[in-house]
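Taking the numbering used here as reference, the numbering of the sequence shown is continuous, increasing by one, and the terminal residue is 481.
If you're looking for bench data, these hints aren't it; they were derived computationally from the structure.
These numbers come from a predicted model, not from an experiment.
Don't be surprised by glycine CBs; every beta carbon is placed ideally from N, CA and C.
Heads up, a few of these hints could be off.
Straight-line distance between alpha carbons at most 25 Å, and here's what the computed SDA-like set of lysine to any residue pairs gives [to be verified]: (1) Lys-200 <-> Leu-328; (2) Lys-132 <-> Arg-161; (3) Lys-128 <-> Trp-178; (4) Lys-128 <-> Glu-418; (5) Lys-235 <-> Ala-53; (6) Lys-156 <-> Ala-221; (7) Lys-132 <-> Ala-199; (8) Lys-235 <-> Ala-221; (9) Lys-235 <-> Ala-199; (10) Lys-272 <-> Ser-373; (11) Lys-156 <-> Gly-145; (12) Lys-235 <-> Val-143; (13) Lys-200 <-> Glu-269; (14) Lys-156 <-> Ala-103; (15) Lys-235 <-> Gly-201; (16) Lys-235 <-> Ala-46; (17) Lys-132 <-> Lys-272; (18) Lys-156 <-> Glu-112; (19) Lys-272 <-> Asp-290; (20) Lys-235 <-> Leu-328; (21) Lys-128 <-> Arg-63; (22) Lys-156 <-> Asp-51; (23) Lys-480 <-> Ser-437; (24) Lys-132 <-> Ser-111; (25) Lys-235 <-> Asp-189; (26) Lys-156 <-> Ala-53; (27) Lys-235 <-> Phe-167; (28) Lys-156 <-> Arg-63; (29) Lys-156 <-> Gly-187; (30) Lys-132 <-> Lys-200.
Ranges of calculated distance between the beta carbons of each label pair, as one might list FRET restraints [stated by the list, open to error]: (31) Asp-177 <-> Leu-456: 54 to 60 Å; (32) Lys-480 <-> Phe-167: 49 to 55 Å; (33) Leu-188 <-> Val-296: 50 to 56 Å; (34) Arg-430 <-> Asp-127: 16 to 22 Å; (35) Ala-421 <-> Leu-188: 28 to 34 Å.
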Amino acid sequence: MVSQFMPQTQVRSKSSLALLRSAFCVCAMLALSSVAAAAASLPNFADLVEDNANAIVEISARRTVAARPQISEENLEELLRQLRPEDIPNLQLEDQTPQPRGAVGSGFLISEDGYVITNNHVVAGADKIQVKLNDRRVFDAEVIGLDEPSDIALLKIDANRLPFVEFGDSEAVRVGDWVLAIGSPFGLDFSAAAGIVSAKGRSMPSASSYNYMAFIQTDVAINQGNSGGPLFNLKGEVVGINSQIISSSGGSNGISFSIPSNVALNVVEQLKETGAVERGLLGVRMREVDYALAEVFDMDRPRGAFVDSVMEDSPAGLAGIEDEDIILEFNGHEVEYYTDLPFYVGQYRPGTEAEVVLYREGRERRVTVTLGSSPTNEIAAALPGAAATSVNPLGFKIAELSDETRQVVGVDGVRVTEVEAGPGRAAGLREGDVIVSLNRQPVTSATEFAEVADALPVSGFVQLRIIRQGQATTLTLEMKP
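The whole structure should be built from the sequences, with the hints applied where relevant.
Here's what the structure looks like:
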């Protein structure tokens, strides 16, 4: 007779299978629930964009530059005999007609009466600047002030009752926070891109010889045309102004840099008041405190700015700061890396009294320093014998170095204040370069420079020795009759 009962092993097998199915269903439900919860926790930027898009603008800057001198008709026959056949199709007749060049960037309104922030490098040297609003209206813009060290420009358009952004506290930004950029990458109007804050306090090379910036680094997709646009936090507050990228292709590599909003507010306030920005000067040469230095000076860990040398008669020296001191704090700001110090000093105006915390001989000391005036505060002026006029074969203007600049740069020379078409620009000369010799003759003043320049040959090559961002290099100028 066939048994009416299943074998015990078969019953157990079916029971185990049911339990496994139940467990799988529970796990699947938990996984789906976790995915849904994670999706719900991701930010939705739609409201932020909608609330702020009308305050974002597109900047169009037009510059008129002299056409590159090419081949004159009278010299064509002789040159054709000298050139290779493959070079001939590239020859052009001389055209001295000024040529317009355009640049497109981004910006944003900061007041209802038409003040606009963008980057200095977007509008510097422009003959005409136009601001395009989100509603497609276009206004000519007036330059209120430019500040190269911070890369900030303040513009003004003739309009009222305009939408504008609110600023947030860039000090409160944390690595990992979500941020959003709105701008015009590659001329694509009012595009939004999101990412996170990758790092803070980044120091980047700049056109200025004095680095007063500590950037916010993000992985937001910033491209050409985003320059000058705002970086928002999730509250819809501007915490940065997009300024630079690192790229091997010219497009976004996920490494972009923004000017902190707290810096921008300080710069804008001064530009509104006077059209220029003044920064304090401490007067020290410094470097990083690495592990070895921390061990030598018996510190608990590497931190601060190591003072290599104190400038003679500088604010630091007058306050009692000495060589081999380690600066740990400046006016309440902790100096973790040495690049933090010039950033904090640059936020205060000359004459400000600031408390400095030092580490010396195994203990902390406090001194009060009265800040001097940074060389970046100087107003560049054209000097006789160096003006970029039709009789000047070099094509650039210079200015004397102040005593403080000589201390910071550590050399005598003259400073380039403006570069126009000519041998200087062709050789790669830039504004802010310090010239220490011309045609192998030292120049320590504008008068010496003018004397050497007046004696230069009409044609041929001459050497120009310069200091740029602390590094010496030699340029070759080609003189043409």
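Hints, verified against the model:
1. Lys-200 <-> Leu-328: Distance ~18 Å between Lys-200 and Leu-328 Cα, so the pair holds.
2. Lys-132 <-> Arg-161: Satisfied, since the Cα-Cα distance of roughly 16 Å is no more than 25 Å.
3. Lys-128 <-> Trp-178: Outside the cut-off at roughly 36 Å; violated.
4. Lys-128 <-> Glu-418: holds (19 Å)
5. Lys-235 <-> Ala-53: Roughly 14 Å separates the two Cα atoms, so the pair holds.
6. Lys-156 <-> Ala-221: violated (28 Å)
7. Lys-132 <-> Ala-199: violated (32 Å)
8. Lys-235 <-> Ala-221: holds (20 Å)
9. Lys-235 <-> Ala-199: holds (20 Å)
10. Lys-272 <-> Ser-373: It holds: about 20 Å lies between the C-alpha atoms, which stays within 25 Å.
11. Lys-156 <-> Gly-145: holds (10 Å)
12. Lys-235 <-> Val-143: At roughly 30 Å apart (the allowed maximum being 25 Å), Val-143 and Lys-235 break the hint.
13. Lys-200 <-> Glu-269: Holds - the C-alpha atoms of Glu-269 and Lys-200 are around 23 Å apart, at most 25 Å.
14. Lys-156 <-> Ala-103: Answer holds: Lys-156 to Ala-103 is near 18 Å, not above 25 Å.
15. Lys-235 <-> Gly-201: Holds. Lys-235 to Gly-201 sits at ~22 Å (cutoff 25 Å).
16. Lys-235 <-> Ala-46: Given pair Lys-235, Ala-46 holds - Cα atoms ~12 Å apart, limit 25 Å.
17. Lys-132 <-> Lys-272: holds (22 Å)
18. Lys-156 <-> Glu-112: Measuring from Cα to Cα gives roughly 11 Å; hence the hint holds.
19. Lys-272 <-> Asp-290: With Cα atoms ~41 Å apart, Lys-272 and Asp-290 exceed 25 Å; violated.
20. Lys-235 <-> Leu-328: It is violated: about 33 Å lies between the C-alpha atoms, which goes past 25 Å.
21. Lys-128 <-> Arg-63: Holds - the C-alpha atoms of Arg-63 and Lys-128 are around 7 Å apart, at most 25 Å.
22. Lys-156 <-> Asp-51: Distance ~22 Å between Lys-156 and Asp-51 Cα, so the pair holds.
23. Lys-480 <-> Ser-437: OK: Lys-480 and Ser-437 at ~20 Å, within 25 Å.
24. Lys-132 <-> Ser-111: holds (16 Å)
25. Lys-235 <-> Asp-189: holds (23 Å)
26. Lys-156 <-> Ala-53: Cα-Cα ~19 Å, so holds.
27. Lys-235 <-> Phe-167: Within the cut-off at roughly 10 Å; holds.
28. Lys-156 <-> Arg-63: With Cα atoms ~19 Å apart, Lys-156 and Arg-63 stay inside 25 Å; holds.
29. Lys-156 <-> Gly-187: Distance ~22 Å between Lys-156 and Gly-187 Cα, so the pair holds.
30. Lys-132 <-> Lys-200: violated (32 Å)
31. Asp-177 <-> Leu-456: 54 to 60 Å: The hint (54 to 60 Å, Cβ to Cβ) holds, given that Asp-177 and Leu-456 are roughly 56 Å apart.
32. Lys-480 <-> Phe-167: 49 to 55 Å: Between Lys-480 and Phe-167, where Cβ atoms are some 51 Å apart, the hint holds.
33. Leu-188 <-> Val-296: 50 to 56 Å: Hint holds: Cβ distance 54 Å, inside 50 to 56 Å.
34. Arg-430 <-> Asp-127: 16 to 22 Å: The hinted range 16 to 22 Å holds for Arg-430 and Asp-127, with Cβ atoms some 20 Å apart.
35. Ala-421 <-> Leu-188: 28 to 34 Å: At roughly 32 Å between Cβ atoms, Leu-188 and Ala-421 fall inside 28 to 34 Å, so the hint holds.
Hints 3, 6, 7, 12, 19, 20 and 30, counting from the list given before, are not met by this structure.
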